[in-house]
Amino acid sequence: MAITINGQEHDLSGDPRTTLLDYLRDDLRLTGTKKGCDHGQCGACTVLVNGMRINSCLTLAVMHDGDSITTIEGLGSLGSPSTLQKAFVEHDGYQCGFCTPGQICSATAMMAEIRAGWPSDASEELEGPIGATSEEIRERMSGNLCRCGAYANILAAIGEVAEEELS
Amino acid sequence: MRPFEYTRADRLEHAAQLSEAQEAMAIAGGTNLLDLMKLQVETPANLVDINPLGMGRIEDTDDSGLRIGALATNTATAVHQRVRADYPVLSRAILAGATQQLRNKATTGGNLCQRTRCYYFTNIDHPCNKREPGSGCGAIDGIARLHAVLGTSPQCIATYPGDMAVAMAALDAKVEIANAEGASRTVPVREFHRLPGDTPWRDNVLEDGEIITAVTLPAPVGGTQI
Ligand code: FES
Ligand code: FES
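Those protein sequence lines, which keep their order, are chains C and F. Position 123 (the first sequence) corresponds to 123 in the numbering used here; numbering is contiguous. Position 70 (the second sequence) corresponds to 70 in the numbering used here; numbering is contiguous.
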């Protein structure tokens, strides 16, 4: 059984109880992905599985044989941060930073979802064109909580990238 | 989480047989089940991964309806062109709940089978006839806000928490169910969930060893759905 994390293949073995989140953090030492609630409520553990954002705390590692996972470590690095990572720095989109990896993974997938024309609860039309308005971004990012309440700057950072990339 | 044996189902009958065995449960998206396993509300000795069964397709039926596979994710259903155009109430009901991360994992069958959010059910320090038959009900004389007003029994006042099923009920959808012998039956979504009665631990009409394979929607009726 094998799983690809940030382009690198890893062996999948061990206790089947291991969540994908614990596998990343404890087995692979990829500690960028955070554990906030461990119950699917906060989004700190958000990673991309075959491009889709999910909560890594609510899935078992053993169920991801053959999947390709991208974590915050795979989106960019100190030397070459992703556009969203740069925007979070520029807009000071955090206070303690604990929710930030989840926010950025989540927002990365959100851009693709808007590009694909997927509606959200905030969309007036289910079939119409989707604008990257602040209502849309707020709704689409509602799975990522920030206990420091840095929402205003998080929204500014994501909003800037959305405007550049989606309009 | 209690230890469990993990098995991948490769055929439908295999999955149904395994779920028939004592203390075996099927896992699809896992968003509800793993949450409850962490709380030790669910303690299956065997976990049968039904994802390899490939029941995720959403396809037109011969009578202009739509068949949504049990493993189709909530996202796949909500953004599907025909659901958006012909059954908008279903897209809306799904998009109004949970978060994108959860909807990306949650499945059609799993959503129908999700357990109540009653806080006495999810806290193993309290009695609960649904979780532990015969132990009593903490909610009836406890904090009963958000509990059922209609359809209750002296044993249980829990509600079913899903929004998706409500839209499906309004659309006259049917649940397709298969068993270990490979036989199948269909049950209207409206008749799928049970009232607690004397057996509050049974949330729905699924028998041991049965598994949901799909939900079918009849031809769209047109008009506006709000
Ligand atoms: S740690 Fe996974 S959602 Fe909070
Ligand atoms: S920056 Fe502290 S939790 Fe969001």
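None of these hints come from the bench; they were simulated from the model. Worth double-checking, as some hints may not be accurate.
[As the list claims (entries may be wrong)] Not everything, but these chain C residues come out facing chain F in the computed CB check (under 8 angstroms):
id	residue
1	LEU12
2	ARG17
3	LYS35
4	HIS39
5	GLY43
6	ASN50
7	LEU58
8	LEU60
9	VAL62
10	PRO129
11	GLY143
[Claimed, not checked] A partial selection of chain C residues facing chain F, derived with a Cβ cut-off under 10 angstroms:
id	residue
12	CYS45
13	ILE54
14	SER77
15	GLY79
16	PRO81
17	MET110
18	ARG115
19	GLU139
20	SER142
21	ALA156
From the three backbone atoms N, C-alpha and C, an ideal C-beta is built for every residue, glycine too.
Going down the list of hints, with the structure as the test:
no., hint, verdict
1, LEU12, "violated, 11 angstroms"
2, ARG17, "holds, 5 angstroms"
3, LYS35, "violated, 12 angstroms"
4, HIS39, "holds, 5 angstroms"
5, GLY43, "holds, 6 angstroms"
6, ASN50, "violated, 10 angstroms"
7, LEU58, "holds, 5 angstroms"
8, LEU60, "holds, 7 angstroms"
9, VAL62, "holds, 6 angstroms"
10, PRO129, "violated, 13 angstroms"
11, GLY143, "holds, 3 angstroms"
12, CYS45, "holds, 9 angstroms"
13, ILE54, "holds, 5 angstroms"
14, SER77, "violated, 24 angstroms"
15, GLY79, "violated, 29 angstroms"
16, PRO81, "violated, 23 angstroms"
17, MET110, "holds, 7 angstroms"
18, ARG115, "violated, 13 angstroms"
19, GLU139, "holds, 9 angstroms"
20, SER142, "holds, 6 angstroms"
21, ALA156, "violated, 20 angstroms"
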